[in-house]
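2 protein chains.
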Amino acid sequence: MFRELLKKIVDGCEGGLAGLLMGYDGIAVDSYLSEGAQSDIQSVGMEFSVILTQARNAVSLLGGGALREVAFKSEKMTVIVRLLNDEYFLALALEPDGNYGKGRYLLRSTAASILAELGA
Amino acid sequence: MFRELLKKIVDGCEGGLAGLLMGYDGIAVDSYLSEGAQSDIQSVGMEFSVILTQARNAVSLLGGGALREVAFKSEKMTVIVRLLNDEYFLALALEPDGNYGKGRYLLRSTAASILAELGA
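Taken in sequence, the protein lines are chains A and B.
Letter by letter, the first sequence follows residues 1 to 120 in my numbering.
Letter by letter, the second sequence follows residues 1 to 120 in my numbering.
The list that follows gives simulated cross-link-like pairs (lysine to aspartate or glutamate, EDC-like), each with its CA atoms no further than 20 Å apart:
#	chain 1	residue 1	chain 2	residue 2
1	B	LYS8	B	GLU117
2	A	LYS76	B	GLU69
3	B	LYS102	B	GLU69
4	A	LYS7	A	GLU35
5	B	LYS76	A	ASP86
6	B	LYS102	A	GLU69
7	A	LYS76	B	ASP86
8	B	LYS76	A	GLU69
9	B	LYS102	A	ASP97
10	A	LYS102	A	GLU14
11	A	LYS102	B	GLU69
12	A	LYS102	B	ASP97
13	B	LYS7	B	GLU35
Source of the hints: derived by calculation from the structure; they are not laboratory data.
Working from the sequences, and respecting the hints, build out all of it.
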């Protein structure tokens with residue numbers, strides 16, 4: 001179920017490489033790699049889960065309220081993270097010239113279905 | 001000089017609240033608050049400098065190359081960070097409904113002037 005939803009996000013976005021549903025503890029619920037993509041998405045997710053936990057705490061401490069979305073752009077990759085609730089986040093990795101706006105939209109619009117599946 | 005450039009970014013962007021030029025060690029070079037904005041931009045920057053350092057290391061470790069930009073969106077604030085070089089970053093805080101695209105553009109287009117001022 002989760003894989004189908006992740007596939008819909010990744011394949012629906014130009015330049016989509018990989019999708020991941022993971023807990024902030026670094027344990028993945030499911031992941032999906034687009035055809036031909038090579039990525040150790042689990043390792044990427046584990047690194048980001050630590051960073052996201054810190055960012056959530058920092059933003060909350062600073063009176064910014066709940067953190068909803070974080071995006072990282074590097075020379076070779078763009079990663080968009082949608083924070084679902086207090087336990088899980090959804091991440092999409094894109095090529096640097098991938099469709100960022102569509103990726104954000106697909107993450108946001110799929111979040112409700114994933115939360116429903118999670119029973120959260 | 002730096003303050004003038006920060007002011008141009010913050011006041012040039014709809015919903016702009018604050019601008020900050022800081023080292024990854026958490027020491028600010030300069031900052032600018034828009035009229036009426038209340039923000040402990042230094043504390044925000046110090047929290048983010050730790051997170052950015054970790055994100056840079058993670059992205060580089062994972063083969064993503066140099067990290068260029070990170071954006072955080074929370075309920076009450078959006079923060080866009082432009083990583084300038086190995087020492088400094090430039091951050092813009094916006095209202096949640098501020099002009100994100102213009103903010104990113106202004107950070108990117110001002111980066112060269114700031115790097116020139118920094119003598120980097």
